[in-house]
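Chemist: Spelled out, the chains give:
Number of protein chains: 2
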Amino acid sequence: MAYPGNVYSVKCSARDALTLISGKWVMLILPALAEGSMRNGELMRKIEGISQKVLTQTLRQLERHGLVSRVDYGEKPACVQYSLTRVAESLVSTLAALDRWAEINFPELDAARVKYDQENGSS
Amino acid sequence: MAYPGNVYSVKCSARDALTLISGKWVMLILPALAEGSMRNGELMRKIEGISQKVLTQTLRQLERHGLVSRVDYGEKPACVQYSLTRVAESLVSTLAALDRWAEINFPELDAARVKYDQENGSS
Numbered sequence: 037m038a039y040p041g042n043v044y045s046v047k048c049s050a051r052d053a054l055t056l057i058s059g060k061w062v063m064l065i066l067p068a069l070a071e072g073s074m075r076n077g078e079l080m081r082k083i084e085g086i087s088q089k090v091l092t093q094t095l096r097q098l099e100r101h102g103l104v105s106r107v108d109y110g111e112k113p114a115c116v117q118y119s120l121t122r123v124a125e126s127l128v129s130t131l132a133a134l135d136r137w138a139e140i141n142f143p144e145l146d147a148a149r150v151k152y153d154q155e156n157g158s159s
Numbered sequence: 037m038a039y040p041g042n043v044y045s046v047k048c049s050a051r052d053a054l055t056l057i058s059g060k061w062v063m064l065i066l067p068a069l070a071e072g073s074m075r076n077g078e079l080m081r082k083i084e085g086i087s088q089k090v091l092t093q094t095l096r097q098l099e100r101h102g103l104v105s106r107v108d109y110g111e112k113p114a115c116v117q118y119s120l121t122r123v124a125e126s127l128v129s130t131l132a133a134l135d136r137w138a139e140i141n142f143p144e145l146d147a148a149r150v151k152y153d154q155e156n157g158s159s
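Top to bottom, those sequences are chains A and B.
Counting in my numbering, the first sequence runs from 37 upward without gaps.
Counting in my numbering, the second sequence runs from 37 upward without gaps.
The set of hints was computed from the structure by calculation and includes no laboratory data.
There are no misleading hints in this set.
With a straight-line cut-off of 25 Å between C-alpha atoms, the simulated DSS-like cross-links for lysine-lysine are: (1) A/47 x B/151; (2) B/89 x B/112; (3) A/89 x B/47; (4) A/47 x B/82; (5) A/112 x A/82; (6) A/47 x B/89; (7) B/47 x A/82; (8) A/151 x B/47; (9) A/112 x A/89; (10) B/112 x B/82.
Generate the whole structure from the sequences, applying the supplied hints.
Modeler: Written as structure tokens, this is what we have:
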């Protein structure tokens, strides 16, 4: 089956789309928003280890590419809500499936790493 | 439903597993190997834009965590084949689904970016 793009081609914009959606922060942010719209502070608390700078940059790239909508309610204190767009809804189940795969299979990956490091003399 | 791990927790190894399997090069290498085992040179040709250094490092991390098996046939000229492990087989269809999503939806992301940049004064 032919698709409009080809992620294996460096000249195709499909590669850029893959680069955007394949980072771990996107894999955490978009599935978090699948639970409902969230504010910056809620995302910061939900996604342990993300810095404010990286969260802001990632949200801006997602908004720029139409995957997240940002609604500023203009209240005091400021209330900005982030939510998934329609096109992101078609992506988020696949990202969530990757998260679930990691949550189920990490012990096997950990065990393989320990074995590899023992056999190859690294710690 | 509860899973053994939690990718949202920075202390959980599931986060490390997600870090390993996210990233565009893994999304390109593992689905390429789903077609059958490949040599280094075949992967270099298939995955446009990857450097030898990044390919080598990524394959080593995948091998270390039990997602790729490396078989050295010890011939002259050297013949080293990379292939998916059993655990990687359970992952690769999800990665391929992300690739297909990028190949189908990149025009919509591109259009959103053009519109955003026009509205926000960046080029």
